[in-house]
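**Student:** So the sequence lines, in the order shown, correspond to chains D and A.
For the first sequence, the UniProt record's numbering begins at 1 and goes up steadily by one.
For the second sequence, the UniProt record's numbering begins at 1 and goes up steadily by one.
Calculated directly from the structure, the hints in this document are not laboratory data.
Heads up, some of the hints might be wrong.
Derived list of chain D stretches under chain A, where covered just means 3 residues or more per stretch with a C-beta under 8 angstroms from a C-beta of chain A [unchecked claim]:
(1) 5-14
(2) 56-66
(3) 80-92
C-beta atoms are modelled at their ideal positions from N, C-alpha and C, and glycine is treated no differently.
Number of protein chains: 2
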Amino acid sequence: MTFQNPILTVDVVILTLAEGQLQVALMPRTEAPFAGRAMLPGGFVHGDPATGKVDKSTTQAALRILKHKLAFTPRHLEQVYTESGPTRDPRGWSASVIHLALHEYAVVETLVAAGRVSLHPVHPTPRLPPLAFDHRHLIDIALGRLKAKATYSTLLAHLLPPVFRLSDLRQAYELVCGTTENKANFRRKMLAADALEPADLLIGSGGRPAEGYRLREDITLIEGLISGA
Amino acid sequence: MTFQNPILTVDVVILTLAEGQLQVALMPRTEAPFAGRAMLPGGFVHGDPATGKVDKSTTQAALRILKHKLAFTPRHLEQVYTESGPTRDPRGWSASVIHLALHEYAVVETLVAAGRVSLHPVHPTPRLPPLAFDHRHLIDIALGRLKAKATYSTLLAHLLPPVFRLSDLRQAYELVCGTTENKANFRRKMLAADALEPADLLIGSGGRPAEGYRLREDITLIEGLISGA
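Can you build the whole structure from these sequences, using the hints too?
**Tutor:** Structural data, given as structure tokens:
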């Protein structure tokens, strides 16, 4: 090729449920451009053999970056959309493969405690600091995917502890989708998806314990690792 | 940056309904690597200002390439997935932003007649020639998206003529999804999506004309142009 290839990055929108809100994990950006602003965890895809280490895919790049920068592997990671253009990065034409990561709060909290990320509400009431690049827009794209997929899958279960009640999942659903759902309908829809299994555990709920569920093990695989999934 | 950026391309899976099958439009590949094989229409994203012309996004790159190579603008174009890795292109680490394009047969047929593409069945019985790169895999990814989206949207209407009967849409649905659907249920589901409107036209059907429908104009916008849609 006689021309310069575009910049290729991955950016990860890590979402968790905290204090009744959907919150996003942000890092401080220490380098130019946009030094001093908050940013999504992300970085360059490594494709040049001269650098010594080459990513197997953009999703593997996302996993590498999360591990390196945050010592964190999310429970759920999926590719969402590739945002691109000539003006989104002052260093040149760039494409960012946006990934959505979901995890329960108890684990993300340890990243906050270690000073690696800070959490900021994105839904239903966004309260975000000034962000680097077009990261505000990337968050909106990931949120759109989460809402769309939440209506026909058990995706939101990744935001809950490993064992949860269907009422916990319904609460998460109602928060993310902004609708109320009939209890019996919701139960039928979620169990029909064939992704949940009884955990043979009762979870206390003010004196009246409810049945615990968990995601089937094959559902918790990281999606992007099965290419095209 | 001190390292070489990955190769960034777009590849477009153009699908149409022909002779009761879902068919993909392929071009002959004339250059190395893989010269002589069939390929998806696609090419490099233009991001280097030195080349004179810079794409606004990967979807705009796809539209530019389709216009340039095929003199064709699809009715529906959407970004599907970015496939990437160190071995999919012998020239180096590469990422391809796969796009799915849908259009009615009458128009795609003119491209065939002009010798620009050839059509090959992909579903339900695939009959594909040897393909360049991992294009067989890219077709499978696009097909997976089409099937998934077909179950909860009017997407398949883009494969039909501008005015069609609900029975035409149901036939397309049954072909793509491999299921039969109750006539009344299907009608309710498709009209509930609020994307179809009566065309005030009756379409003849062996003596018994049926009501014609069309996609609402705002639905036929190319998705990728609204970033993140």
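**Student:** Hints broken by the structure, by number, lowest first?
**Tutor:** none
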